[in-house]
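Asks: Residue-level listing of the chains:
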Amino acid sequence: MMSDLIGTIMERSAARRWLAAAMALLVAVFAFGSPSLAQVSDAELTQRIDALAPGSYADRAGAVGALVASGDPRVVGVLQVLAEGDLLVVEETGKVVYVERSGKDFALTDPLTGESLGSVPRGDVEKVRVNNSLRRTLRTAIGQLTLLSEDRGTRLAAAQSILRDADPANLQLLDESLAAEIDPAIKRTMELARAVITLKSGSDVEQIRSAAETVAHSGSRDAASILSAAMGTVPDELRADIQASIDGLARDRAVWDALQNVWFGVSLGSVLLLAAIGLAITFGVMGVINMAHGEMVMLGAYTTFAVQETIRQNAPGLFDYSLAIALPLAFLLTALVGVAIERGVIRWLYGRALETLLATWGLSLILQQTVRSIFGPTNRQVGNPSWMSGSFEFYGLAITWSRLWIVVFALAVFVALLLVLNRTALGLQMRAVTQNRRMASAMGIRTPLVDAMTFGLGSGIAGLAGVALSQIDNVSPNLGQGYIIDSFMVVVFGGVGNLWGTLVGAMTLGIANKFLEPYAGAVLGKILILVLIILFIQRRPRGLFALKGRAVE
Amino acid sequence: MTAMKTCAALTGLMTLSLGSLATPVLAQDDTIKVGILHSLSGTMAISETTLKDTMLFLIEQQNADGGLLGKQIEPVVVDIASDWPLAAEKARELLTVNEVDAVFGCWTSVCRKSVLPVFEELNGLLFYPVQYEGEESQRNVFYTGASPNQQAIPAVDYLMNEEGVERWVLAGTDYVYPQTTNKILEQYLLDKGVASEDIMINYTPFGHSDWQTIVSDIKTFGSTGKKTAVVSTINGDANVPFYRELGNQGIMAEDIPVVAFSVGEEELSGFDTTPLVGHLAAWNYFMSVDTPENEEFIAAWHEFIGSEDRVTNDPMEAHYIGFNLWVKAVEAAGSTEADAVIDAIVGLETPNLTGGTAKMLPNHHITKPVLIGEIQDDGQFDVVWETEELVPGDAWSDFLPESAVLEADWTAPINCGNYNTQTKACGGVAAAQ
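Same order as they appear, the protein sequences are chains A and B.
So that you can map any letter, position 387 of the first sequence is 387 in this note's numbering, and since no number is skipped, the others follow by simple counting.
So that you can map any letter, position 338 of the second sequence is 338 in this note's numbering, and since no number is skipped, the others follow by simple counting.
No lab work stands behind these hints: they were computed from the structure.
Fair warning: there could be bad hints in the mix.
As the list claims (entries may be wrong) - Within a straight-line C-alpha distance of at most 27 Å, the following computed BS3-like cross-link-like pairs (lysine-lysine) qualify:
1. A:K187 / A:K200
2. B:K113 / B:K359
3. A:K200 / B:K219
4. B:K113 / B:K71
5. B:K424 / B:K71
6. B:K219 / B:K192
7. B:K183 / B:K226
8. A:K526 / B:K183
9. A:K200 / B:K183
10. A:K127 / A:K95
11. B:K183 / B:K227
12. B:K219 / A:K187
13. B:K359 / B:K328
14. A:K200 / B:K328
15. A:K526 / B:K219
16. B:K113 / B:K219
17. B:K226 / B:K192
18. B:K328 / B:K71
Said to hold, decoys possible - Covered stretches of chain A (chain B as the covering partner; in silico rule of three or more C-beta atoms under 8 Å from a C-beta of chain B):
19. 132-143
20. 263-271
21. 373-379
22. 388-399
23. 437-450
This structure is a prediction, so every number in the text was calculated from the model and none was measured.
All C-beta atoms, glycine included, are put in the ideal place defined by N, C-alpha and C.
In isolation and in its complexed conformation, chain A is listed as follows (with noise of 0.2 Å):
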């Protein structure tokens, strides 16, 4: 057993060293290969690849490691479509093949030649199962076979792959693709692949230090963790260095977590400025406690579901404008249900803050039914645009796309809101008959159209948010409930009937709670903000900004 897994070792090392001696050959531009470099005939290699679908998934970890030995760079294309999930087999034949799908067959194209195969029914092929550890074998083995790709973003993947797994089969490897590599970048990343494998299991003091060395100033987010991995296998006279460096690069550390986590509040920050902001219209600018008000975060959330929907349908090449088509449309609609619910059952009550609340609270009930019985109960797909996927490192910052466009967002709708309060004949109205509702309708403006509109802006604006919290959140019938009390928590806190009361409101308790999260855990943490804004609420019953005169009263 143990013969064996060394034997294969050895193989698999030797079969790599030829393997990027052939891939230079090919970058170079030579046509013909020294005669120990004798490719695999098509037939063979035919055979190796439809070696892939039978077994276990051991067994397939063998196969692919049969095609890296090939060398052939056609296999490559193959192990990258097995990695997706998306390489068949012919059940009856048992014939490895690609696929696209033509009505109800699918049409088979051979891996290799790309010659095509004829098309079978749909449930005549079956997927090679791909798990977890053959992924990681076919990230290693893409990474090993594309190191000299002459793609650059091909080559910065496959030197990042060879950095995760570091392994130390993979040093000579990496040593001659450092040699022909001019990208600094890429450069870089293979630098400090080769100093993680020496920290691993180099035995030359000096070029262990440098090693160490080298990936103390890679400023890697995992420099430490991986020094602190090594601090076990280094030679002695290194441990005291190494340890130093260690506790340099915590202390640096410490500082960027601290400003990872300012970021991860503002983050919070803004979504609760979001769900919060058309709340300080209707309840801060209104006086209307609207319970009502998460049902139209969710009403926004299921419109962009809709529109999404239909692009799906009818044109998928649209997917990626599909918020800002969703945007408007969130926009009217959560309006005009607003101005329905203004004018349908708020302006009866008036005055009665206890009956709007009842009233909105039963329309809330009412919304999140209606939604479940013509969607239904459980959570619809919609999905993130391709520029609000993934993350990016700024400095020691990892900062995810779709929250960085969120923050971005909030802050447009404030502004904008805070322009048509202040610039606008409607907003000027609105402060009208918010400071005295007697004496603006006596200077001449129609109070009921201000109050349907102004309710109508609040709740348009809370569809705004559920566009944007779609990205990050559950579409179910629930979506709104989740952010009514923490919306209610920031008007309050912020001081009601003031903007910029709000913003500083929810961005406080965003931060607040992401810096409690580590210490005292989600729950406690949530606890700990509710009775500091009560303890705060005693203290300046107003809150933060308060409305100053005697309009208020």
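Since chain A is already given, all that's left is putting chain B on it; use the hints.
Replies: Only chain B this time, still in chain A's reference frame:
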């Protein structure tokens, strides 16, 4: 007779369309009534509505096959609206007003705990179809979902042996099922020699949606060079944002796999699973299991529900097993009377959908296979591992010192749910002192 049937059909229709209203009770002596006690509105409607449909489907099939004891079965649907005190009231209503012979229902442990006293007091029958934390066995309840030794422990074994995991994150929603399960798992891991600094336990509230800090913590925890995995008992709605955040922060299943106990086909049908490919779930049934029984079940279900897109999941199989066992027990006893059924059902067997046999054990749990599946990009699971033998459900965990000595056995001569094997007496741990 025809008029009566039309009337019953109308009632059924009304139940379906109104959902939240209890079916009006018709005085019909020639039917056997079955209560369906699920949430059709509120937070839990997302999971439980399908189970209500499953029960209607099973009852319709049974009626088409000639009913039970020569009578038709009549479903009585009530909506407990995700409200647990209401669940107890509705259970009482089913047993006293509607006089049902058996009740199928509840999803959460808190629902089961709320209705338990009612079933004990009125001597009803409850079939509970969801995996739960164990540490319970009642005479009137049949647990057709998995106990921890049929789901959590085998999943941890798989990660430890097949994936070589050394560091563990136990992440769960803050309520009784995750807490008890994690308590059992933590003890199990410690017994296996995992150091306590290699275990991180984290709880979040229901419906938690901001996972940034926790996912980033998991990433840091997993970057020490030791293979790390997340064991997730996160429930319901909180899962979608959790998996999204994992995908966004670039945590791949190859590096840090997440094995979930509450995420099935139904939950995955709510989103794009491409970033989740390779993450794991442990269940006793997957829709993708390739057996003739399962194929037949799925085809019949699609025909009943009128959509090819609807998925099947583990709790649905549990209702399938529970219903069939109850039917067999009633036939064996020749009566629907609770005591007769309780005596008759123990030891009965019925085929499950994965090619094995579910047997009702004396502790009112059943035998199940344990399957580990990897999420695929089509929202289905690909079984990567399964137990060779059926695993009998264990009411009291062997890994918690205070319950290791307890056994449940509802047959003579023991006839109790918490028999202490040391003191040879009923009454649980208290009996030991």
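Asks: Work down the list of hints and note, for each, if the structure agrees.
Replies: Hints versus structure:
A C-alpha spacing of about 20 Å is found between K187 (chain A) and K200 (chain A), which places the hinted pair at or below 27 Å, so the restraint holds. Pair hint K113 (chain B) plus K359 (chain B) holds up; C-alpha atoms about 24 Å apart against a cutoff of 27 Å. Simply put, K200 (chain A) and K219 (chain B) have alpha-carbon atoms about 21 Å apart, close enough for the 27 Å limit, and the pair holds. Between the alpha carbons of K113 (chain B) and K71 (chain B) the distance comes to roughly 32 Å, so the proposed pair goes past 27 Å and is violated.
A threshold of 27 Å between alpha carbons decides the hint, and for K424 (chain B) with K71 (chain B) the separation of about 44 Å lies outside it, so the pair is violated. For a cut-off of 27 Å, the pair hint linking K219 (chain B) to K192 (chain B) stands: about 24 Å separates their Cα positions. Simply put, K183 (chain B) and K226 (chain B) have alpha-carbon atoms about 23 Å apart, close enough for the 27 Å limit, and the pair holds. Pair hint K526 (chain A) plus K183 (chain B) holds up; C-alpha atoms about 23 Å apart against a cutoff of 27 Å.
Only pairs whose Cα atoms come within 27 Å are accepted, and K200 (chain A) paired with K183 (chain B) is rejected, the gap being roughly 36 Å. Of the pairs offered as hints, the one joining K127 (chain A) and K95 (chain A) holds, with about 12 Å between alpha carbons and a cut-off of 27 Å not exceeded. With a CA separation close to 22 Å, the supplied pair K183 (chain B) and K227 (chain B) stays within the 27 Å bound. Pair hint K219 (chain B) plus K187 (chain A) holds up; C-alpha atoms about 25 Å apart against a cutoff of 27 Å.
The straight-line distance between the Cα atoms of K359 (chain B) and K328 (chain B) is roughly 12 Å, inside the 27 Å bound, and the hint therefore holds. Distance restraint check for K200 (chain A) and K328 (chain B): the Cα-Cα separation of roughly 62 Å exceeds the 27 Å cut-off, and the hinted pair is therefore not satisfied. A C-alpha spacing of about 23 Å is found between K526 (chain A) and K219 (chain B), which places the hinted pair at or below 27 Å, so the restraint holds. Taking the CA atoms of K113 (chain B) and K219 (chain B), the gap is near 36 Å; set against the 27 Å cutoff, the hint is violated.
Straight-line distance between C-alpha atoms of K226 (chain B) and K192 (chain B) comes to about 16 Å, which keeps the hinted pair within the 27 Å bound. At roughly 14 Å between alpha-carbon atoms, K328 (chain B) and K71 (chain B) fall within 27 Å of each other, so this suggested pair holds. Counting residues of the region 132-143 of chain A whose CB lies closer than 8 Å to any CB of chain B gives 5, which reaches the minimum of 3, so the coverage claim holds. For the region 263-271 of chain A, the stated coverage by chain B holds: 4 residues have a C-beta nearer than 8 Å to a C-beta of that chain, and at least 3 were required.
Interface restraint, the region 373-379 of chain A with chain B: holds (5 residues with C-beta to C-beta distance below 8 Å; minimum three). Coverage of the region 388-399 of chain A by chain B holds. Counting CB-CB distances below 8 Å, 4 residues qualify, and the rule asks for three or more. With 0 residues having a beta carbon nearer than 8 Å to a beta carbon of chain B, the region 437-450 of chain A misses the requirement of three or more and the stated coverage is violated.
Hint violations for this structure: numbers 4, 5, 9, 14, 16, 23, all remaining hints satisfied.
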